Every structure is written in structure tokens, then in C-alpha cells.
Amino acid sequence: MVDVTSLADKPALVRAPAEVRRARIRGIVYFVLAVATYVLLASTTEGDVVFRLGDAPGDLDLTLSAAGLATASAVVFGFLGALEIGRRGLGRWSNIALSIALALFAFAFLGWAAAGKSLSLVGMLEGSVAAATPIAFGALSGVMCERVAVINIGIEGMLLTGAFMGAVIGTVVNPVGGVVAATLAGGVMAAILAVLAIKYRVDQIIAGVVINILALGLTSFLSAQILVENSSAYNNPGVLRPIKIPVLGDIPIIGRIFFDQNIFIYALFIITAGMTYGLFRTRWGLRSRAVGEHPKAADTLGINVFRTRYMNVIIGGMIAGFGGAYFTLGSVGAFNENMTAGRGFIGLAAMIFGRWHPVGALAAALVFGFADSLQVKLAILDSGIPSEFLLMAPYLVTIIVVAGVVGAARPPAADGQPYIKE
Amino acid sequence: MTEVKQSPPDKQPEGEPTWIQRVAPQGIDLRSVLVIPLLAVLTALVVGMFFILFTEGANAILPAYGALFSGAFVGWSSISETLLLSTPLILAGLSVAIGFRAGLFNIGAEGQMTIGGLTAVIVGFSVQGIPGIIHLPLALIAGFLGGALWGFIPGFLRAKTGAHEVITTIMLNFIAFRTMDYILKLPAIQPEGRFDPISKNVLESARFPRILGWLPVDGASGLRLHLGFLVAIAVAFVVYWVLFKSTIGFEFRAVGANPHAAKYGGMSVAGAIILVMAFAGGLAGLAGSNETLGVLGRAAPGFTSQIGFDAIALALLGRSHPAGVVLSAILFGALRAGGRTMQVQSEVGIDLIVIVQALIIIFIAAPELVRAIYRVRGGKETGQLTRGWST
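In the order they appear, the protein sequences are chains A and B. Numbering-wise, the numbering used here puts 321 at position 321 of the first sequence, and it's gapless, one number per residue. Numbering-wise, the numbering used here puts 149 at position 149 of the second sequence, and it's gapless, one number per residue.
Please keep in mind that the hints were generated in silico from the structure rather than gathered at the bench. Quick caveat: nothing in here was measured; it's all calculated off a predicted structure. A hint or two may mislead.
Unchecked claim - From the derived model, a few chain A residues whose C-beta atoms are all more than 10 Å from chain B: (1) R22; (2) S43; (3) G68; (4) R87; (5) G123; (6) V172; (7) A207; (8) G217; (9) G255; (10) R281; (11) R289.
Unchecked claim - Just some of the chain A residues that point at chain B, by a computed CB distance under 10 Å: (12) A191; (13) V195; (14) I226; (15) L390; (16) V402.
Just so it is clear, CB atoms sit at the ideal spot from N, CA and C, and this is done for glycine as well.
Here chain A stands alone, though its shape is the one from the complex (with noise of 0.2 Å):
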């Protein structure tokens, strides 16, 4: 029985019309996840999967009938379809059931993919993380500008950027100096988007496309004409070791996924930490999220609006350009051309599913990192999938997770718009 008083104390079941409408279709995509699951998974498969989670083969193994683990998540999916109609609705909760829905697709369709044989779950996590790391960044960046309603589609070529400049100034100076220049050369990316897009107000999604054109322009030609002549003298940088912490390092499972691992990621935990009390702590984070929502009443309270957005935009390159870096010094060890190969967009899409929330757009790259290397996981596997649909994984995860939640998470309310003062 439903009175009026438990439906002021649970607001959850007060929702604008759309959102039950977005919740509806999410809960049918749960249900056909559901019958999929159970019709193709569950049902055509037999055997016990093993999950290795330890070092070597024997140490920490975890038996799983693939059928039953495909059954469990077809009934997982039921109810969370069931949640979302009945409620009309999980809130602020529906990304994280999304998450965790696609994690446990995921894990029931490497069970159904590996039945019989045994695969590291570990070292799958641990390629998670690593391909995780470079979306993420992209994704901190975008929320440093957009918290002040600056769009930045220059992400992919402010990573693209810091990759070059990392690989070039790695080789020729050390890979310190690389992660210094691939930083400031991000830093000057975002600079230009920056003065594009608020002295000139040039429109914010076009200025970006021009920084993604340029740094493509920039680093293929630079390679062209100097890197592939002496590829030993400028593009040999070699790649950062992974530096184990010495007490955290030696926990089972968690120890090999995040404490020995490169500067990169330590980095990543450091500034998504930093970020999120930086944003949501201090007078500078008040004063960001002001720009970002109402610019003109932060204007009259005597905030700098353009000067704010400079920096955070500034910042905001610093980071992507750093996360750049990753792909040169901290995995692949050379640069190739367009390298980056769309993960700058695709933090843009983690940005978005992580509600504009540093810890937010965190974990949405680790899912993202996730649908990656799980991809590259069933290759080896050789399930019978062609390897050309495996690759496609992280960008439809892209397009499931933007259009099952964007709408329902709102943006900065001053989001792309140029700030004129008056």
C-alpha cells in the first residue's frame, strides 16, 4: 500500500515522464539480454570453466559450470529488468546496474567462450586496467572542461599529441623528459581550443574537431618527415617499468591489478582522488562548477569566468596530454600514426556515463577497458567469432552506453556555450 507520505520519503518512484520512458526501454533490453543470454549461452553450452586468479596454473582456480554462470546472469538481467519497469526507474543507481549487468554479460560470455579450457582472469583484469587507463584520462579531461561548459572533442587529439611528444622527447632526452613534453604539448592543444573557444567563440564541438584534425595533421606529418627516417635516433623510447608497492603489491588478485603497475596508473588513482575533492571540496571547485552551470551569476559574484575556464581547459589538456603518453611510454614503447585510434572518444563516452563525476568517469573507462580486453581475450580463445566483430566490442558498448544513458544524466547546465560578457 502506497501512501502519500511513503512516496514523499521515497522520491525514486516520483519520476519525469521521460525517465520512466528511458526506464521502460531499459528494462525490455534487460529482458531480451535475459533470453539472449539464457538462448544462446546457457543453452548450448556444457562444461566447467576455470578462472585462474592466481600467478600460475593450481593456485587459486574457481570452477564454474559455464551453463550455470549463463543461467545465473539470464537471472540477474530478469530481475534487474523487473527493477527497472516496476520502479519505473533505478536513478541514480541505473548506470551502476548497467555496469554491472554489461561486466556479467561479459563474464558469462567468456565462460560460454571458454567452456572446457581454463583462462587468467587476472591477467584479463590486468589488461582491463591497461587498456582502461588511456580512456580514462581522456575521460578526466573532459569532465575538467566541461565542469566549467567547455566540450572538448579534442580529446582524441590532445592524447594523440601527448603519445608524439612522448615518444620524441622519451628518446631524445629520457622518458621522463617525454611525460614532462607529452604534458605541456597537451597542455598547448588544449590552449588552442581554448582561446578558440572562448575569445572566439568559435562553436565548441568544431573548434574540437579542428584540434582532433590538427594533432593528426601535426604528429603524421612529423613522423613522416623526421621520425621514419631515424626511427632509433627520435622514436625509440622504450617503455616505463611497472614499479611494485612494496607491502600492497603482494595482495592476491588486487595486488597485481593495481599495485604494480607503471607511473601511469598510479597517476590515474592520484589525479581522479585529487579531482574529485578538488571539485567538490575546495573554494576552486565551487567556483568551476558555478562557470560551468550559471557563468553569469558566478560573473556577478566576481568570479573570473574566462580566466577559470582558461585554466581548467589548460588542465584539462595537461591531463589528456599526460594520459597520451601512456600510449608511447607506457605500452606500445614507438609512435605510429593515429594510434590512438578513437579512445579519445570513447572517454568522451565515460565522461558521459560516469555523470560527469571524476571517480564516475573512472570506473566507466574500466568498463570500457573491460569490453577491450575481453576482445582481445575470446581472440585468443578462438571461439569461432570472427576477430573483426571481437574489435568492434568497445565501440557498440560505446553507442549501448550513450544511448541507454545520456539524457538521463545531465550535463552542465552552461554546456558548450560561450560565455559573453556584458
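Fit chain B to the given chain A structure using the hints.
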């Protein structure tokens, strides 16, 4: 409907000009239509010079730019190449331009080209025994529909779920590339005896015939310009008619200028968004078909050669007007043709052209920058071309 038409949305009586006036001025203001773009191109080329100076030294500038110019304009062969390379740019540029008109940013032309070019090839080699006068149009229709499908998806997602087309079209580009990799390895598509990703050759009846063979010059039969160029020009006229003379085009522009007003005027905003994206995708599909049915005669990975991305720059340069798009596409075709010659004859790589194009967009998008450099007078232009995440 007729009452609404009397006050078109792109003519506001006073105040700041709307973005559509900025992108496509209705009145003939030569200064903003011609002078700014010309100065933008010139400035971009001058800045490009500094990149050559920086990488190859001062002595490389003159040979490089000389080769760029001669490869684009000097001799029938260069002109043929310029127009040949501009053909897909016209079609892809129209695709992006029609999106801009409706307030949508189609970054997915590259993927739409891929799928459209692929469907055109499949019809081009699998349908046999019909004359070219039927086969070629049939293949082009297939290309249009393939691209339209790939444009429909982001349009539908935008209209029904609010997913921003900038993200979905970029993701669909990657998905299109992978789809092509997969399709090109199917036994029905691959030529016998080949194991690399490549399609069978298009039958002669579905190829664009060359059109410069009649010229009284040596080697005229070797000039590669084909019928596709004239098709592209004709399509530009069709797009002009649709945008400015038809009811549906009026709705497109109304949705682009002010979706809320369009909604209260009784138009279906969602329907217009879906239709625009499908139409834009179809145009890009034609651009892809032009590549596969024209010069190449088959599909192979990378046949779109970044044309879909150049299309963004030239749609802006052409102010999203079909006539402007055609002229800008010819300019970009000239840059590509000249760039190839430059790459062969001098030490400067063709990627310089990408930098020049990026600079052109910067100067076009920020006309105040050009005005400040050259002290050209003119009204302040501000406005927003696309929409943010949620509106």
C-alpha cells in the same frame, strides 16, 4: 505551412545573426562569402610554409609549393586529377553540409562511405547481364541505400534516445571499418585465389565511364576523370533543390535553426533528424560508390582515404551551401592532387595537406582571427553551429 514559410527561420529581423546566417549568408555579402575563405586558404598555406621551413629547410619551400601548384592545375592531366579527386569530396561534403543545416554534426561520412561503397561493389559484380545504363544506376542506388542505413542508425539513436551523433557516428566509423574487413574476407566477395581482404572486380557495365577521351591532346584516353564528376554536380543541384525549394528541406533548416520553434510549428523534429541523417548517409554512400565504381573498380581496406574527414573542413569552408561545397571540394581536390605530386617530386610529405586543411577550418571558424590579421572590416560573427549533449 504556407504561413510559416513567409517568415523563414534563417531571417531574423534584428540582433545577433543566427548560426545559419553565418554559415550560409542569404544576402550577397562578398566580403564574408569570398574574401574570408580566400584569406583563410592563403594564410593556411603560408603557415604550412613554416612547417616545411622547420622540417626540410628554406630551400625546400619553393620546389614543394611549385609541385603542389603544378600537380593541381598545370596541364590537362593535372586538371583531370584535381576534378577526379574532388568528386567524392563534393558528395561527402554535401553529406556533412546537409547535416549542419539541420543542426547535426555528421562525423560519420567516412563510415557511411565505407558501407555505401561496399554495397555498390556487391551489386556491381554480382548482378550480371544487364546493360550499363541500368547496372550503373542500380549500383549507385545500392551505394546510396548502404550509406543511408549507416546514417539512419545515429539519426534514430539521436532522435529516440538522445545519444549525441558526434559520438555515435565516430563509433560507427570504426564499426564500419571492421565490418568491411570481415565482408572482404567472405568467399562470395573475395576473388578466387586471393587471401587478402579485397573484393572482386566490378563488372564493366557498373563502372563509371571516362569522359575526357574526346580532348584533342596526347594521351587523352589516359585521363582518369569519369562520369562520376558530372553525377556529383547533378547531386549538388538536387541537394540545393531539396534544401531550399522543397517543404522537407524547409523542415530540415527549421529544425537546425530552432528545434523548439519547429516543434511548435507542427513539425516532427525526431522525423526530420532521422531523415536528415539517412539522407546525409546516402550522400556519403554515393561518395563511397564513386570511389569503388570509379577509379578503383573494387573495394579494399582504406579506400575512403580520409575523404569523410576532409568533408567536414570543406563543408565549413563552403558554408554548408551546395555551391560553396562544390567550389571548396574542387579546392581540396586540387590540394590532394597537388599534394601527391609534391610528395613524389619533393621531400615534403602529403600530410602537410592535412595541417593546411585544419588551419583553413580554424580561420573559417574564427573569422575574427582572419580579420585581425588582415584588418578586414566586418560585423562580429558569433553563433553556435551544433548542439551540446542534451538539447
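Here is what the structure says about each hint:
With 10 Å as the threshold on Cβ separation, the claim that A:R22 sits away from chain B is violated: the shortest Cβ distance comes to roughly 8 Å. Every C-beta of chain B lies more than 10 Å from that of A:S43, the closest at about 26 Å, which supports listing it as non-interface. The non-interface label for A:G68 is consistent with chain B: the shortest C-beta to C-beta separation is roughly 32 Å, beyond 10 Å. Residue placement check: A:R87 keeps its beta carbon more than 10 Å from all beta carbons of chain B (closest about 20 Å).
Even its closest Cβ contact with chain B, about 24 Å, leaves A:G123 beyond 10 Å, as expected for a residue assigned away from the interface. For A:V172, the non-interface assignment is confirmed: its Cβ lies about 15 Å from the closest Cβ of chain B, beyond the 10 Å cut-off. Not every CB of chain B lies more than 10 Å from the CB of A:A207, the least distance being 7 Å, so the non-interface label is violated. For A:G217, the shortest C-beta to C-beta distance to chain B comes to about 3 Å, within the 10 Å cut-off, and the non-interface label is violated.
Taking the minimum C-beta to C-beta distance to chain B, about 34 Å, the non-interface status of A:G255 holds against the 10 Å cut. At the 10 Å boundary, the C-beta of A:R281 stays outside the reach of chain B, the nearest C-beta of that chain being 26 Å off. The Cβ of A:R289 sits about 17 Å from the closest Cβ of chain B, beyond the 10 Å cut-off, so the non-interface label holds. Restraint check, A:A191 versus chain B: the minimum CB separation of about 13 Å is more than 10 Å; hint violated.
The criterion of a C-beta within 10 Å of any C-beta in chain B is met by A:V195, whose closest approach is roughly 9 Å, and the hint holds. The closest approach between the C-beta of A:I226 and any C-beta of chain B is roughly 7 Å, which is under the 10 Å cut-off, so the hint is satisfied. Proximity of A:L390 to chain B holds as hinted, the smallest CB-CB distance being about 9 Å (cut-off 10 Å). Residue-level restraint check for A:V402 holds (minimum Cβ-Cβ distance to chain B is 4 Å; threshold 10 Å).
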